[in-house]
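Peer 1: Here's the letter readout for the chains.
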Amino acid sequence: MSAPSTTPLASPPAQSQPAAAAVDAVKAYGTGEAAVRALDGVTVAFERGRFTAIMGPSGSGKSTLLHCLAGLDTLTSGEVRLGDRSLSGLKDKQLTLLRRDRMGFVFQAFNLLPTLTAAENIRLPLDLAGQKVDQAWFDTVVAAVGLQARLEHTPAQLSGGQQQRVAAARALVTRPEIVFADEPTGALDSRSGADLLAFLRRAVDEFGQTIVMVTHDPVAASHADRVVFLADGRIRDELHAPTTDAVLDTMKRLGN
Amino acid sequence: MRKVILKGLLARKLRLALTAVSISLGVAFVSGTFVLGDTMTATFDQLYEGLTEGTDVTVRGESAFTDTTTLGNTKPFDTGVLDEVAAVDGVAAAEGSVTGYALILGKDGEPVQPGGAPTLGASYPDVEELSGGMSIRSGEAPAGPGEVVLDAATAEKTGYAPGDPVTVLFADGPREFTVSGVLGFGDADNLAGATMAAFDLRTAQQLLGKEGVYDSIAVRADSGISPEELRDRVTAALPAGLEAVTSDEVVAESSEAVADALGFFTTALLGFAAISLLVGALIIWNTFSILVAQRTRELALLRAVGASRRQVRTSVVVEALVIGLVAAGVGLGLGVGVAAGLRAALGAVGLEVPTTTLQVQPRTIVAALLVGVVVTVLAALLPARQATKVAPIAALRSIDAPARPMGRVRLVLGGVLTALGAAALAWALIEEGQLQVAAVGMLLALAGVLALAPAIAVAVTTVLGGLLARVGGTSAQLARRNALRNPRRTASTATALMIGLALVSTVTVVASSMKASVAEVIADSSKADFILKAASATAPGIPAQLAEELRAVDGVDTVTQMRFGPAQVDGATTFVAAVDPATVDAAANLDVSSGAVTDLDDRSVLVSDDVAGAQGWAVGDTVEIVYAQTGAQQFTVAGTFGNTDLIGSDYLTTLATHTANGGAPLDIAVLLVAAEGTDLDTLRAGLETVTAAYPNAQLDDAASFTESQAATIDQLLAIVTMLLALAVIIALLGIVNTLALSVFERTRELGLLRAVGTTRRQVRAVVRWEAVIVAVLGALLGAVLGLAFGAALTRGLAEEGLAVVEIPGGRLVVYVLAAALAGVLAAIGPARRAAKVDVLQAVAAA
Chain A
1 MSAPSTTPLA
11 SPPAQSQPAA
21 AAVDAVKAYG
31 TGEAAVRALD
41 GVTVAFERGR
51 FTAIMGPSGS
61 GKSTLLHCLA
71 GLDTLTSGEV
81 RLGDRSLSGL
91 KDKQLTLLRR
101 DRMGFVFQAF
111 NLLPTLTAAE
121 NIRLPLDLAG
131 QKVDQAWFDT
141 VVAAVGLQAR
151 LEHTPAQLSG
161 GQQQRVAAAR
171 ALVTRPEIVF
181 ADEPTGALDS
191 RSGADLLAFL
201 RRAVDEFGQT
211 IVMVTHDPVA
221 ASHADRVVFL
231 ADGRIRDELH
241 APTTDAVLDT
251 MKRLGN
Chain B
1 MRKVILKGLL
11 ARKLRLALTA
21 VSISLGVAFV
31 SGTFVLGDTM
41 TATFDQLYEG
51 LTEGTDVTVR
61 GESAFTDTTT
71 LGNTKPFDTG
81 VLDEVAAVDG
91 VAAAEGSVTG
101 YALILGKDGE
111 PVQPGGAPTL
121 GASYPDVEEL
131 SGGMSIRSGE
141 APAGPGEVVL
151 DAATAEKTGY
161 APGDPVTVLF
171 ADGPREFTVS
181 GVLGFGDADN
191 LAGATMAAFD
201 LRTAQQLLGK
211 EGVYDSIAVR
221 ADSGISPEEL
231 RDRVTAALPA
241 GLEAVTSDEV
251 VAESSEAVAD
261 ALGFFTTALL
271 GFAAISLLVG
281 ALIIWNTFSI
291 LVAQRTRELA
301 LLRAVGASRR
311 QVRTSVVVEA
321 LVIGLVAAGV
331 GLGLGVGVAA
341 GLRAALGAVG
351 LEVPTTTLQV
361 QPRTIVAALL
371 VGVVVTVLAA
381 LLPARQATKV
391 APIAALRSID
401 APARPMGRVR
411 LVLGGVLTAL
421 GAAALAWALI
431 EEGQLQVAAV
441 GMLLALAGVL
451 ALAPAIAVAV
461 TTVLGGLLAR
471 VGGTSAQLAR
481 RNALRNPRRT
491 ASTATALMIG
501 LALVSTVTVV
511 ASSMKASVAE
521 VIADSSKADF
531 ILKAASATAP
541 GIPAQLAEEL
551 RAVDGVDTVT
561 QMRFGPAQVD
571 GATTFVAAVD
581 PATVDAAANL
591 DVSSGAVTDL
601 DDRSVLVSDD
611 VAGAQGWAVG
621 DTVEIVYAQT
631 GAQQFTVAGT
641 FGNTDLIGSD
651 YLTTLATHTA
661 NGGAPLDIAV
671 LLVAAEGTDL
681 DTLRAGLETV
691 TAAYPNAQLD
701 DAASFTESQA
711 ATIDQLLAIV
721 TMLLALAVII
731 ALLGIVNTLA
741 LSVFERTREL
751 GLLRAVGTTR
761 RQVRAVVRWE
771 AVIVAVLGAL
781 LGAVLGLAFG
791 AALTRGLAEE
801 GLAVVEIPGG
811 RLVVYVLAAA
821 LAGVLAAIGP
831 ARRAAKVDVL
841 QAVAAA
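Going down the list, the protein sequences come from chains A and B.
Heads up: the first sequence at position 209 corresponds to 209 in full-length UniProt numbering, and the numbers run straight through without jumps.
Heads up: the second sequence at position 480 corresponds to 480 in full-length UniProt numbering, and the numbers run straight through without jumps.
Just to be clear, a hint being listed does not mean it is correct.
Claimed, not checked - Think about it this way: if two alpha-carbon atoms lie no more than 20 angstroms apart in a straight line, the pair counts; the simulated DMTMM-like pairs of lysine to aspartate or glutamate are:
{"no.": "1", "chain 1": "A", "residue 1": "K91", "chain 2": "B", "residue 2": "D838"}
{"no.": "2", "chain 1": "B", "residue 1": "K107", "chain 2": "B", "residue 2": "E156"}
{"no.": "3", "chain 1": "B", "residue 1": "K210", "chain 2": "B", "residue 2": "E62"}
{"no.": "4", "chain 1": "B", "residue 1": "K75", "chain 2": "B", "residue 2": "E253"}
{"no.": "5", "chain 1": "B", "residue 1": "K836", "chain 2": "B", "residue 2": "E745"}
{"no.": "6", "chain 1": "A", "residue 1": "K93", "chain 2": "B", "residue 2": "D838"}
{"no.": "7", "chain 1": "A", "residue 1": "K91", "chain 2": "A", "residue 2": "E120"}
{"no.": "8", "chain 1": "B", "residue 1": "K836", "chain 2": "A", "residue 2": "D73"}
{"no.": "9", "chain 1": "B", "residue 1": "K527", "chain 2": "B", "residue 2": "D585"}
{"no.": "10", "chain 1": "B", "residue 1": "K836", "chain 2": "A", "residue 2": "E120"}
{"no.": "11", "chain 1": "A", "residue 1": "K93", "chain 2": "A", "residue 2": "D139"}
{"no.": "12", "chain 1": "A", "residue 1": "K252", "chain 2": "A", "residue 2": "D237"}
What the hints assert, rightly or not - A short, non-exhaustive set of chain B residues, derived as facing chain A with CB atoms under 7 angstroms:
{"no.": "13", "residue": "R137"}
{"no.": "14", "residue": "S138"}
{"no.": "15", "residue": "R310"}
{"no.": "16", "residue": "Q311"}
{"no.": "17", "residue": "A469"}
{"no.": "18", "residue": "V471"}
{"no.": "19", "residue": "T474"}
{"no.": "20", "residue": "R488"}
{"no.": "21", "residue": "V569"}
{"no.": "22", "residue": "E749"}
{"no.": "23", "residue": "A755"}
{"no.": "24", "residue": "L840"}
{"no.": "25", "residue": "V843"}
To be clear, the hints were calculated from the coordinates, so they are not data collected in a lab.
Idealized CB from N, CA, C, for every residue including glycine.
Pulled out of the complex, with its shape left as it was, chain A reads as follows (with noise of 0.2 angstroms):
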């Protein structure tokens, strides 16, 4: 990769840098009279080691820049940086080399492939660098979601919430700038949900982790350091700290 010889841990970059940042994102859909901002001028910025929760109403566009954070999808105007690199421009094949090796990912649902085992769906991101697995690192981040017992188990032979659990592994396991959860709680009963959220918080607080998460889940955002608010396309409020009633508070304000 092109990226500076330098590496994250090796040497760690300002404190002010962000580790990912929208600066003016538009993205629309359609053109002329019928164009849908979704996307409508986003400045944001999420600050390393910190877990933020993206909130927002349906529609709000919070799915939409998280995947043009991630560079799974491309804005109409404005910029995404992933540390001090811009995705601007990029072809598809340095953005996909950019999300297996500096991101990971969480989504709703079906985040493991059914024929590997929980521990090779943990290792894809390195088999496919064709890099060795840190068996240290590896084996901490198991013990962290409790799966040791089930690393040689299917997909199909796991619970939604254990199958969530091997999908934060996997999102850790390349140790990533930045960790994107899409909603990683919506498919779970809320005690599968609370113990992700738990892993999650961990992984920030004990391993430094950043952490970015789209949900419309209050107790879920709960859990983050700070809840960024979109509504329309825009961002219209942030909380710090924030609490269950806290979040409630803002999202009926916003709603008015």
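Using the hints provided, position chain B relative to the given structure of chain A.
Peer 2: Relative to the frame of chain A, chain B by itself:
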């Protein structure tokens, strides 16, 4: 329900089109075979009818038996008979004619040798009403000893025009003529592919060795007299040994003989068509299974909103019916093209078929549509049954149900069949001549392997995929998992290829064994320094005069001739060989086990040990041989011999016996032994000065003879492989189809893979590796089966001269590698599609 079915069909049109192609190709083969067969039969019928036009009754020598081997070969009779026939009351006109062997040489000195069809020398008819369709198109009828007319096809091919000099080769050597005219046969340019050189009657009789005799007399009745009436009157006037037949009888007889000959040919072609259809059916079955599996939700939804099991089943079957009908219709159209193509292919290898309009008979249309529809619907029945098992609850299940494991019954049945098949094949390998055992073993083993295929697929894919993963890394690893995900699907895709490749491999093993056997036969059985054979495998032989001329060459010790003629022993037609007892021993190792070759005379016969043993004949016993022209003849057994490999006949008579019973004076082979101390290269040069005048004879030493035989076998192998290639192509289409369906089914997975950092190239590689795994799995199974089948068949045919089993290992490896490459090609489309999966959409679909 009809609306649902129709909409479903349209929504899946690409997948269905791919499916339909496999059926279309199979049907095209079937209808093409019918069209070609019908066209050929119609051509010959027209020809024979045209030729006998104007002639009511034909007088000819009686035949003791009639089949394709004797057609047009009757005993000549004295010209005096013509006067007696002409004198019969009610005869308007009568004319005698002769036919025989005459090979026309082109301007370049090369013989005009139509594959399969005879090279005729004939008398040109004087009486116009009796000439049938035969007429002079340009120039004039031949007159006198120096003039010849040639058939229009030969004239066109060689560029001969009236006035040109031409060389014609007869049984007693080459002669020079002037072309006086060009002959047509009604609308046809030649006589069912045969070449013809026609002369005036007297010249023809001299040239063809038929002075003072006729082969037949054409008779025309006075008006008002029926052919049957005339036949009866003429018969009454004929001496013993001659018969009179009406033209209708001649036409019927000829058509029947042609139909017999073509019957074998069309049966063989239909066999190949059946193989293609079987492979096509496997693919359709597989495709419908996948489609039903993919539509589990849709079908469950239908069931949930109140569709009965029966309606769901009907929807699948009707879908198959529509596809089958469309595919069969397309296949029928293609079939006409296939017929034209086959005709061209046959022409290219020397089996020219005269041109007529292609015959598309109602039977062909019905057969094509029926075959297409029945095969498709049958193949869809099982998946249709599966479809009805879909419980409405399945609609709610989000994760794909794991593939059903193989049933125990199937496993046990497959194991037993395979074991029995292997045992039968082993038996056929150990004991020579067990052709039936080999055939049964092949069928059992094939059925067994088909039943066991999913289990075999798991085992082979695990090992093979593991090996490939070392080369292909994660992509190959993922591909291997995908192949293992649904072993039934992988297995049925692979077995379609396996069948085609097993047959190709079988034929390859038999062909290379044939080549090795020829080399061994020549080494073991021939003591000749040089061998002369007709340059074309289908030519009737080489003029006897050549052997005479060779005897005079310096350095030649022995020249011995061999001939072949049809005859019946015990009611079955066989070929009786004729040799010169005084010289044959010097050139050929007959392995005489009782009596002696030199005891063979014009009233005796040598019989092979096998036949003598089977019939209980010993030296001194009497054997009855029935010749078509001369009837039953008694011969004394002069001896028995063990080595039939070189001559390929169980009966040896003298050359004189052959000629006396109507055999043509054409040598099938001439063996030559050099005098001691002669330099073979010098001798060869001397021999070539003689053979130069006989361009249809090929001079070989043992090595080059083996090579030229091998070349002939290779040519045959190429034709059969080409015919089997269709089945292989259909199987490859099946791989494309299965992969395309799998890619479609795994859209979400592919999206996920791309999201977590799989490059497009890696995604393509996953699909490609899966194709390679399936293709190599099929090819490996096919090659292994083919090897066993080929070896068993070769041993089974040991008595037909296949003395050695030769395994063409390199060739089989090439087949497997080629299959891997074909897998890569088959993956191109599906891989491209997989790489194009929209990540967002795939991820959002969750």
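Peer 1: Against this structure, judge whether each hint is valid.
Peer 2: Hints, verified against the model:
Among the hinted pairs, A/K91 with B/D838 is consistent with the structure: their alpha-carbon atoms are about 15 angstroms apart, no more than 20 angstroms. The hinted pair formed by B/K107 and B/E156 meets the criterion: a straight-line CA distance of about 12 angstroms does not exceed 20 angstroms. Annotation: proposed proximity of B/K210 to B/E62 holds, straight-line Cα distance about 18 angstroms (limit 20 angstroms). With a C-alpha separation of about 17 angstroms, the suggested pair B/K75 and B/E253 falls inside the 20 angstroms cut-off, and the hint holds.
As the CA atoms of B/K836 and B/E745 are separated by approximately 14 angstroms, the hinted pair is consistent with the 20 angstroms bound. Restraint check: the Cα-Cα separation between A/K93 and B/D838 comes to about 14 angstroms, which is no more than 20 angstroms; the hinted pair holds. Only pairs whose Cα atoms come within 20 angstroms are accepted, and A/K91 paired with A/E120 is rejected, the gap being roughly 28 angstroms. Note on B/K836 and A/D73: the hinted pairing holds, with a Cα-Cα distance of about 14 angstroms set against a maximum of 20 angstroms.
Distance hint between B/K527 and B/D585 is fulfilled; the C-alpha atoms sit about 9 angstroms from each other, no more than 20 angstroms. For the given pair, B/K836 sits about 25 angstroms from A/E120 by alpha-carbon distance, which is inconsistent with the 20 angstroms threshold. This hinted pair does not check out: A/K93 and A/D139 have alpha carbons roughly 30 angstroms apart, beyond 20 angstroms. As the CA atoms of A/K252 and A/D237 are separated by approximately 12 angstroms, the hinted pair is consistent with the 20 angstroms bound.
The criterion of a C-beta within 7 angstroms of any C-beta in chain A is not met by B/R137, whose closest approach is roughly 72 angstroms, and the hint is violated. Interface hint at B/S138: violated, since its Cβ lies 73 angstroms from the closest Cβ of chain A, which is beyond the 7 angstroms cut-off. A cut of 7 angstroms between beta carbons decides the hint on B/R310: the least distance to chain A is about 32 angstroms, and the hint is violated. Taking 7 angstroms as the C-beta contact cut-off toward chain A, the hint placing B/Q311 at the interface is violated, the least distance being around 31 angstroms.
Because the smallest distance between the Cβ of B/A469 and any Cβ of chain A comes to about 10 angstroms, over 7 angstroms, the interface hint for this residue is violated. With 7 angstroms as the threshold, the beta carbon of B/V471 stays out of range of chain A, its nearest partner Cβ sitting at about 13 angstroms, so the hint is violated. About 4 angstroms separates the beta-carbon of B/T474 from the nearest beta-carbon of chain A, less than 7 angstroms, and the hint is met. At its closest, the beta carbon of B/R488 sits 16 angstroms from a beta carbon of chain A; the interface hint therefore is violated under the 7 angstroms criterion.
Checking B/V569 against chain A by beta carbon gives a least distance of about 67 angstroms; that is not within 7 angstroms, so the hint is violated. The criterion of a C-beta within 7 angstroms of any C-beta in chain A is met by B/E749, whose closest approach is roughly 6 angstroms, and the hint holds. Annotation: B/A755 was flagged as interfacial toward chain A, and the flag holds, the nearest CB pair being 6 angstroms apart, inside 7 angstroms. The beta carbon of B/L840 comes within 6 angstroms of a beta carbon in chain A, closer than 7 angstroms, and the hint placing it at the interface holds.
Annotation: interface hint on B/V843 holds; nearest CB of chain A at approximately 6 angstroms, less than 7 angstroms.
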